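As given, the protein sequences belong to chains A and F, one line each in that order. The first sequence maps to residues 1 to 137 in my numbering. The second sequence maps to residues 1 to 147 in my numbering.
Among the clues, some could well be false.
[To be verified] Some chain A residues well away from chain F (every beta-carbon gap over 10 Å; in silico):
id	residue
1	Arg3
2	Lys5
3	Gln28
4	Glu114
[Said to hold, decoys possible] Partial selection, computed: residues in chain F whose CB lies under 8 Å from chain A:
id	residue
5	Pro81
6	Glu87
7	Val91
8	Val93
9	Pro95
10	Gln98
11	Lys99
12	Asn118
13	Tyr126
These are computed hints drawn from the structure, not numbers from a lab. A quick note: this is a predicted structure, and the numbers were derived from the prediction, not measured. No residue lacks a Cβ here, since even glycine has one placed at the ideal position from N, Cα and C.
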Amino acid sequence: MDREKVLQALREAQAEYNIENLDEFIKQAWEEVDIVDAQIVAELTERAVEILLDQDFLWTHIIESEDCEEWIPDGWYSFIAVHPETGQCLTFAKDPVYSWESRISFSARIRSAEDAVDAVAGLAELIEQNLKSRAVE
Amino acid sequence: MQLEQLTYTEEQIKQAIEEVWQELLQEADAENYSLEEYLEDYRKYWDDPCFPNDIPELIMRTVEKIVGRPLSWYCELVRDPAGFTGEYSFVVVDPKTQKCLTYREYTSDGVNVHRFINIAGTVVNYEDIVRLVIKLLDQIQSALAAA
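Chain A extracted, bound-state conformation (with noise of 0.2 Å):
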């Protein structure tokens, strides 16, 4: 994934949610433990791959929790995509160990600017890689 695309849906992103500095905004989400930033974060990491992808997907995330007694995020996000047309799940991916078991959801750690773009890259590889391959019939 062409990291400079990567960085220019990311600013796009960043532009629609008003945010001026994402290092800061993604920094002060984590570490100020906000859930509803945190809930920002994990938008607008899905907006920006929309927009790196130039389509739009239905989503669902998880903000991971450290500390589950107090449900205190961690800096780790779950994101399942599905294709809104045909129903295909576009994060689904078999275990790279285990070939018998399968994930629905992709992992990414988001507590910088830098883990942002990995994580957009990430994202957008794997739902790129689903769509090319066997669509649901």
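Start from chain A and add chain F according to the hints.
Just chain F, lined up with the frame of chain A:
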């Protein structure tokens, strides 16, 4: 949703829930802990992560037992700033076709299309578990039939 519309009975679902509960107990090396006792503890301590995490496993293994094959799934324990709300949100995918089985589409006013990829429900007691299993089975059944 009426149970009569389904090809499985409430009795079968309850039987499957009990079987799965026994399997979970065996795996945890735990004995003599009935589902009723568990649910009493769950209601007292549901902000403790030990309790809510067993519910999705119980529900989805029951669904898989009735469907007759493993499914790929993800469950979110829905939270708000105050903590766990008691609501579980499931996304289920057929590992054979990669099709999202909890994908639903509604049209309102003949124009607006609303699409969802999850099935959610709140669990407080045993009947809620049965209700959520039925809700998931009903959705999965129609998605598999449409495929």
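Now for the hints, and whether the structure bears them out:
no. : hint   : in the structure
1   : Arg3   : holds (28 Å)
2   : Lys5   : holds (26 Å)
3   : Gln28  : holds (16 Å)
4   : Glu114 : holds (27 Å)
5   : Pro81  : holds (6 Å)
6   : Glu87  : violated (13 Å)
7   : Val91  : holds (5 Å)
8   : Val93  : holds (4 Å)
9   : Pro95  : holds (5 Å)
10  : Gln98  : holds (5 Å)
11  : Lys99  : holds (5 Å)
12  : Asn118 : holds (6 Å)
13  : Tyr126 : violated (24 Å)
When held up to the earlier numbered hints, the structure conflicts with 6, 13 and fits the remainder.
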